[in-house]
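Quick note, the sequences are listed as chains Y and E, same order.
Here the first sequence stands for residues 2 to 402, where the numbers follow this note's numbering.
Here the second sequence stands for residues 2 to 402, where the numbers follow this note's numbering.
Note that these hints are calculated values from the structure, not bench results.
It should be emphasised that the depicted structure is a prediction, and the values quoted were computed from it without experimental measurement.
C-beta: ideal position from N, C-alpha, C; glycine also.
Where hints are given, some of them may not hold.
A partial selection of chain E residues facing chain Y, derived with a Cβ cut-off under 7 Å [said to hold, decoys possible]: (1) E11; (2) L59; (3) G63; (4) S103; (5) G104; (6) Q106; (7) Y116; (8) G135; (9) A136; (10) P174; (11) I268; (12) A272; (13) T279.
Number of protein chains: 2
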Amino acid sequence: MTDFSRLLAERTGSMKASEIRELLKYASVPGVISFAGGLPNPESFPVGGLKKITDKILTEKGTKALQYGTTEGIPELREAIAKRMSELKGFDAKMENITIMSGSQQALDLLGKLYMEPGKVAIVEGPTYLAALGAFRPYGGEIVGVRMDEDGLDTNLLEETMKKLKAEGKVVPFIYTIPTFQNPSGVTMSEERRKHLLEIAAEHDVIVVEDDPYGELRYAGKELPNLKAMDKDGRVVYFGTVSKILAPGLRTGWIIGDEEIIGKFVIAKQAADLCTNTLSQHIIAEAFSSGMVDAHIPEIRKLYSRKRNLMLDMLEDSMPEGVTWTKPEGGMFLWVWVPESINTKEMFPTALEKKVAYVIGEAFYPDRSVKNAMRLNFTYSSDEEIKDGVKRLADTIRDYL
Amino acid sequence: MTDFSRLLAERTGSMKASEIRELLKYASVPGVISFAGGLPNPESFPVGGLKKITDKILTEKGTKALQYGTTEGIPELREAIAKRMSELKGFDAKMENITIMSGSQQALDLLGKLYMEPGKVAIVEGPTYLAALGAFRPYGGEIVGVRMDEDGLDTNLLEETMKKLKAEGKVVPFIYTIPTFQNPSGVTMSEERRKHLLEIAAEHDVIVVEDDPYGELRYAGKELPNLKAMDKDGRVVYFGTVSKILAPGLRTGWIIGDEEIIGKFVIAKQAADLCTNTLSQHIIAEAFSSGMVDAHIPEIRKLYSRKRNLMLDMLEDSMPEGVTWTKPEGGMFLWVWVPESINTKEMFPTALEKKVAYVIGEAFYPDRSVKNAMRLNFTYSSDEEIKDGVKRLADTIRDYL
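Excised from the complex, chain Y in its bound form:
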């Protein structure tokens, strides 16, 4: 038997199956209530509406919807997004500022491909989106996580970090943030911090990447301006997606930004997959322009808001002293801090014995420096599962203490 692994490129050493993915294998054992996943609740998919639209698309422009499209994406969709984001969020964006991606994950991959290499440092939040780390790593360079608190990324720490890296001669190409209802923490960056972040980015003249998959899923509190809406010099690149407001199986996202930056993503995307699924693009363009998406989002908010409240109530009722958690105003996740004596990775087998699963917190830090935290998803499980699952988790922590 020959061993083809000797032919692999060195960069594959940093490419590993996601930890969540491995954990999910255990979590799918029958009887285990899993708060580990990141899937939207299928109840939230507007199946009937999408069926009608798909039928219309295949009837009215079937051959067009089944043909290759341009790498940038179909004009109908780019225009619909430009219009919607200008009206809804005050973006100064035209079709030319938008290119369609095969999901936001592709945008993360291409961001790494375009800007990361040995000697470069990507700034992310600590904790940050796990799959962003997986996307950036193969391209070389370092990833530095800047800690967050209840107001989001600590921008004073960011300022220090940027100065320190500059003094070391390191080049930071971008700061990657999920400012609104962050994955994994559920935290939203305050308006003041948003301003400060943009000031720091301007001072160091780096790109800011605003990943915003959850921004439209607000259940409490007041709307905050997007970084992209506050952007004066075209340094914010915005990542959007239909995965959480329509359906993730359509694998469609988009980036909005400075035309020159967008042009680089288009060239990178051409080599990566030529173009995004044309049928899905036509379906989504129609879903936006017909008003279907806007009519549907309140339904998702209603469903998820109830589940969020239920999980917060259950945590309040069940958790032992010394356990704290974030109170997300939207999104899909919340973050639990357990006493410092507990390592949630070491506790994981105990949780599985109690038939409940979470994602260990350390996975979300580039340097894995935080051991006493976990991420919980509150949108996927049934109400019963949320009730029982939080109790099991509280029992786990109590037993383990």
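Got chain Y; can you put chain E on it based on the hints?
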């Protein structure tokens, strides 16, 4: 105005907009007959059948078809492909040997990501598929094209090249070939050469990548065994796609190979886009398992065979002395050699004046060493356009000589 291009990684220097893409801009000028594209003919899309299937999928398993899927792809599709390729082509493949890609282009990108880096040499055919060059280049290393003749890749030359590279201490991770109805040449590799290629690959213990988007589109001659069907030690990785037998807008392809190699592609794909469009995967699984694809392919063959014959007849009738061309037994492209005194890139503006477009041959060679050739697509244009277009092209050459 700030200049963000200073933040780009060095590898972006090798990332350029495809030449075909740039040419196509001119080719879409009204009145120009373009043989430059590579699009399937939309007449070949089974719109009605796909509409019925899509309706069935959204009715029977809508939420499943709209949810995230596993990175490997949905089991229904992987099983349908394993069954079909075993029965049709004699592959020894199970579901575990298959992972779904967002089109074959993604397979090319991940092939580069997994195996290419400085010091490595990818072996390709000269000429080869343009977008394969674009996919490999950003990952570093060299690309060496081994010349083809009317029997496909010249395996004696390949043997010499492999020995030479070995002597130079260079590592070749894979040999990339499109053995059947090649893009751009239209040439099919003989059975003897296929055997020889596999012997050389075994001797040097490298991977063989068989890219086979056109294999089912045969209009003449006898069926030849796929490299994958002749593969005894799991070194052939096979790339398949629905783009030419169903619809490219569904952006779905697959790779078939040794489980360990497939596992590496799965990890790479996870960071690249998480999973392929789930709705498309369900549609395609049903299109395969219901027999719809098999019933439809003869229709495509009939349409394209007529267009191929027409273009070959027109070339025979119109071309001046000294011009030769390949006679493809299938696929979508043929290759034209003009007298050595003509540089087809320099002739291109003249062709546009005559209102006809092609792709310049040199773009398909990694070293751009061939100047007197062009690729023509015979599947997209109407019969009238083929007649007029070939005449215009013959006039162009005659005038230019």
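We went through each hint and held it up to the structure:
1. E11: holds, 6 Å
2. L59: Holds, about 4 Å.
3. G63: holds, 4 Å
4. S103: holds, 5 Å
5. G104: holds, 5 Å
6. Q106: holds, 5 Å
7. Y116: OK, holds: E/Y116 within 7 Å of chain Y, min 6 Å.
8. G135: Interface hint status for E/G135: holds (4 Å vs cutoff 7 Å).
9. A136: The hint holds - E/A136 has a Cβ within 7 Å of chain Y, the shortest such distance being about 5 Å.
10. P174: holds, 4 Å
11. I268: Constraint on E/I268 satisfied, holds at 5 Å.
12. A272: Nearest chain Y Cβ about 4 Å off; hint holds.
13. T279: Given a least distance of 3 Å, the restraint on E/T279 holds.
Figure legend: structure checked against the earlier numbered hints; every hint is met.
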